[in-house]
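Novice: In case you want the letters, here they are:
Protein chains: 2
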Amino acid sequence: MDENKYTEELYRKGALAKIAARKLGNLSSQVKDSALLAMAEQLESQAEKIIAANQLDLASGQQKGLSKTLLDRLMLNENRIVEMVSGLRTLASLTDPVGEVISMWTRPNGLQVGKVRVPLGVVGMIYEARPNVTVDAAGLCLKTGNAIILRGGSEAINSNKIITDIISSAAVEAGAPENSIQLIETTDREAVNVMLKMNKYLDVLIPRGGAGLIQTVVENATVPVIETGVGNCHVYVDESANLEMAKKIVVNAKCQRPGVCNAAETLLVHRAIAEDFLPAVGELLVKEEVELRGCQETMALIPGIKSASVEDYATEFLDLIFAIKIVSDMEEAIDHIHYYGTGHSEAIVTENYTRAQEFLRLVDAAAVYVNASTRFTDGFQFGFGAEIGISTQKLHARGPMGLPELTSTKFIIFGNGQIRI
Amino acid sequence: MDENKYTEELYRKGALAKIAARKLGNLSSQVKDSALLAMAEQLESQAEKIIAANQLDLASGQQKGLSKTLLDRLMLNENRIVEMVSGLRTLASLTDPVGEVISMWTRPNGLQVGKVRVPLGVVGMIYEARPNVTVDAAGLCLKTGNAIILRGGSEAINSNKIITDIISSAAVEAGAPENSIQLIETTDREAVNVMLKMNKYLDVLIPRGGAGLIQTVVENATVPVIETGVGNCHVYVDESANLEMAKKIVVNAKCQRPGVCNAAETLLVHRAIAEDFLPAVGELLVKEEVELRGCQETMALIPGIKSASVEDYATEFLDLIFAIKIVSDMEEAIDHIHYYGTGHSEAIVTENYTRAQEFLRLVDAAAVYVNASTRFTDGFQFGFGAEIGISTQKLHARGPMGLPELTSTKFIIFGNGQIRI
Chain A
1 MDENKYTEEL
11 YRKGALAKIA
21 ARKLGNLSSQ
31 VKDSALLAMA
41 EQLESQAEKI
51 IAANQLDLAS
61 GQQKGLSKTL
71 LDRLMLNENR
81 IVEMVSGLRT
91 LASLTDPVGE
101 VISMWTRPNG
111 LQVGKVRVPL
121 GVVGMIYEAR
131 PNVTVDAAGL
141 CLKTGNAIIL
151 RGGSEAINSN
161 KIITDIISSA
171 AVEAGAPENS
181 IQLIETTDRE
191 AVNVMLKMNK
201 YLDVLIPRGG
211 AGLIQTVVEN
221 ATVPVIETGV
231 GNCHVYVDES
241 ANLEMAKKIV
251 VNAKCQRPGV
261 CNAAETLLVH
271 RAIAEDFLPA
281 VGELLVKEEV
291 ELRGCQETMA
301 LIPGIKSASV
311 EDYATEFLDL
321 IFAIKIVSDM
331 EEAIDHIHYY
341 GTGHSEAIVT
351 ENYTRAQEFL
361 RLVDAAAVYV
371 NASTRFTDGF
381 QFGFGAEIGI
391 STQKLHARGP
401 MGLPELTSTK
411 FIIFGNGQIR
421 I
Chain B
422 MDENKYTEEL
432 YRKGALAKIA
442 ARKLGNLSSQ
452 VKDSALLAMA
462 EQLESQAEKI
472 IAANQLDLAS
482 GQQKGLSKTL
492 LDRLMLNENR
502 IVEMVSGLRT
512 LASLTDPVGE
522 VISMWTRPNG
532 LQVGKVRVPL
542 GVVGMIYEAR
552 PNVTVDAAGL
562 CLKTGNAIIL
572 RGGSEAINSN
582 KIITDIISSA
592 AVEAGAPENS
602 IQLIETTDRE
612 AVNVMLKMNK
622 YLDVLIPRGG
632 AGLIQTVVEN
642 ATVPVIETGV
652 GNCHVYVDES
662 ANLEMAKKIV
672 VNAKCQRPGV
682 CNAAETLLVH
692 RAIAEDFLPA
702 VGELLVKEEV
712 ELRGCQETMA
722 LIPGIKSASV
732 EDYATEFLDL
742 IFAIKIVSDM
752 EEAIDHIHYY
762 GTGHSEAIVT
772 ENYTRAQEFL
782 RLVDAAAVYV
792 NASTRFTDGF
802 QFGFGAEIGI
812 STQKLHARGP
822 MGLPELTSTK
832 FIIFGNGQIR
842 I
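Chains as they are written, first to last, in the working numbering: chain A, 1 to 421; chain B, 422 to 842.
Since the hints were made in silico from the structure, they are not lab data.
Treat the hints with care, since some could be wrong.
Said to hold, decoys possible - Taking lysine-lysine and the BS3-like style, the derived pairs with C-alpha atoms no more than 27 Å apart in a straight line are:
no. : chain 1 : residue 1 : chain 2 : residue 2
1   : B       : 621       : A       : 197
2   : B       : 618       : A       : 197
3   : A       : 306       : A       : 248
4   : B       : 669       : B       : 708
5   : B       : 444       : B       : 669
6   : A       : 49        : A       : 64
7   : A       : 248       : B       : 536
8   : B       : 669       : A       : 115
9   : B       : 536       : A       : 115
10  : A       : 5         : A       : 161
11  : A       : 197       : A       : 18
12  : B       : 582       : B       : 489
13  : B       : 444       : B       : 536
14  : B       : 439       : B       : 621
15  : B       : 582       : B       : 470
16  : B       : 426       : B       : 582
17  : A       : 200       : B       : 426
18  : B       : 470       : B       : 439
All values reported here derive from a predicted model rather than from experimental measurement.
Next up, chain A with everything else stripped away, as it sits in the complex:
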């Protein structure tokens, strides 16, 4: 650790962030919202500069032979900048969770004990190619009074540098403390290793990106981590399902946006309705250009599809590929979900009251649905107005995280001379 050449630079950034955090935690909502609006304005007026820097990243990405998908994630155009800007403006309009007294009660000895929301302190964000995460994460942290240290992917370094420059200056000019928003400018992976163990300076690490990145962070960090995102999600169509509804839900969960974590990856179908349901839904899915991979029984019902391997059931495809399995009952479906799933989003389609209730109770996941698409697991869809990610761990936050999930609490106690006897 001590031999890592980035230790000094990162510790310095950490110490500066700590100082900023103490000031940020006591900034009024008014100043924070002005800062967010100033950030939005500056991003808007300097859009051309950002796009130019992004062109450099895209060019070197093409040279390195990045995939089309990656290049698309990396790409910023006017539309995407407009989205980032409007995200910041929405944030400014939301209620500040900091300072909320969640509850307060009086003890028999007269002590008044209250629990109040406070910022977490310093948030470390480790992410990949999407430069919009830079703006989103910085905005969310500023709104909640947290300092942030950003570590984006090397592919986006030019975009991230210019974006951080712009929003950081705008925030400071509007009254936010210096160093509230900092970017780690080296793209060497060694720097991440320092960050993972900066317990002295970081209150939490949030990794956003693919399974590999998240795994690395979870396995190596000693700073508390909020694990986000990996979703091997299932839709189980029960024997009592309304099959018309089931078709719509299955097609939506798989196809509406296949590259995201709340899209379905495996379809589980009760044997009693498989013959009625599978050929019909198969046709719809094939029309949507979905590649189907089924168990033996499924293959008999939908001719011409591939066979699903154990690995397929364990894979988050993030693509137009769908594994299918026929099950004997809900219990088998739930066992399959717990064995292969990642605890993200799981849905049952059923008209049976008892099974609906059981599924909600028995399935251990961040979001469990009856008769709706898994695609709704999302801070905006749930009505939070903002989202920092979707937690798949159980500590601190689970499921879509909005502004309150970026806060901690402290107890405040009003006494009049109480001592303990």
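Following the hints, position chain B against chain A.
Specialist: Chain B in isolation, oriented as in the chain A frame:
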């Protein structure tokens, strides 16, 4: 890791705990409470056996030359068993947090989204010499539907083995799943290293004990940790304090039970009242056999006391030793608290409204007091009816943790065919 000879044993325990956890999570409160009562009854009726096993631990502790304090922590007598038993009975009488729907709302598209409390899953507990932690932790986890893997100190191994045998059998007989409560029977430290990285099986690790243990766990664990306990707590006596009240609070915070984390370790006094206050409170403290260590100015006001070093200000004495410092104003006091404190419990004594409010707002700690002793930072004193520890971190829980802090949440979503557009 893979070469650790305890990997196999611990992974097996982990896998068994996971299975138990799934069942425990769906056990009714009724069955869980019967199990708690059965555990209490069996501990009571087998008290003699426990005391006999404890004698073995005490004898080998004496042979190893353990300190008096450690031997006292290790010791079980009838009274202490009665306390453990009554703790379990209290737990049985408390409301089960599992299944509580914290909130539920309807989205514009008709989706009903609810947030419900669920168990964390499998809790790993790493602690030191106190065998009563075995019972407390097992009881708290059973009540909240969590499986537990216990790892107590080697000094208490005989006590822990018999206690775990008794409570585990009692719980199973009363309907709890097998392996809900497991003890790691080896006392080799190598086993802890496996436990710290059992992310596959453990949802959280809770270390309880001295600063060294907690540090080791925090620095080496990849499993999410709830950091507990270390308290370098301060009382700041402001210039406007009611000095009679201040004396009582200071003496109570230091002396009522000096060996615990919420006892005060440093007294900060505003210069304007130091001459009036320090000699008087010094006399009271000396009468209580407190060793005082002061700054230069303090030494002039209380003749004969030792000089306080920087290290003294940074130390959690857990003993009748008290560091004292005179400060120019509240700002200096708060800076001192943030520089040396551990974010546990901090108190101001003041009659000044503005400074009281500022202290509550500006001090970054789990519990911040106005005009009361720091000794109240405790789950029972706060009215939770139970306590698993006092968190000094910001993620998940901060301050005294009761039953809800041993739970997570999941979203349950009731739809009627909604798909995302």
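Novice: So, for every hint listed, does it hold in this structure?
Specialist: Each hint, compared with the structure:
| no. | hint | verdict |
| --- | --- | --- |
| 1 | 621/B - 197/A | holds, 21 Å |
| 2 | 618/B - 197/A | holds, 15 Å |
| 3 | 306/A - 248/A | holds, 23 Å |
| 4 | 669/B - 708/B | holds, 13 Å |
| 5 | 444/B - 669/B | violated, 50 Å |
| 6 | 49/A - 64/A | holds, 23 Å |
| 7 | 248/A - 536/B | holds, 26 Å |
| 8 | 669/B - 115/A | holds, 26 Å |
| 9 | 536/B - 115/A | holds, 20 Å |
| 10 | 5/A - 161/A | holds, 21 Å |
| 11 | 197/A - 18/A | holds, 15 Å |
| 12 | 582/B - 489/B | holds, 23 Å |
| 13 | 444/B - 536/B | holds, 21 Å |
| 14 | 439/B - 621/B | holds, 9 Å |
| 15 | 582/B - 470/B | holds, 11 Å |
| 16 | 426/B - 582/B | holds, 21 Å |
| 17 | 200/A - 426/B | violated, 32 Å |
| 18 | 470/B - 439/B | violated, 31 Å |
Hint compliance for this structure: hints 5, 17 and 18 are not met, and every other hint is.
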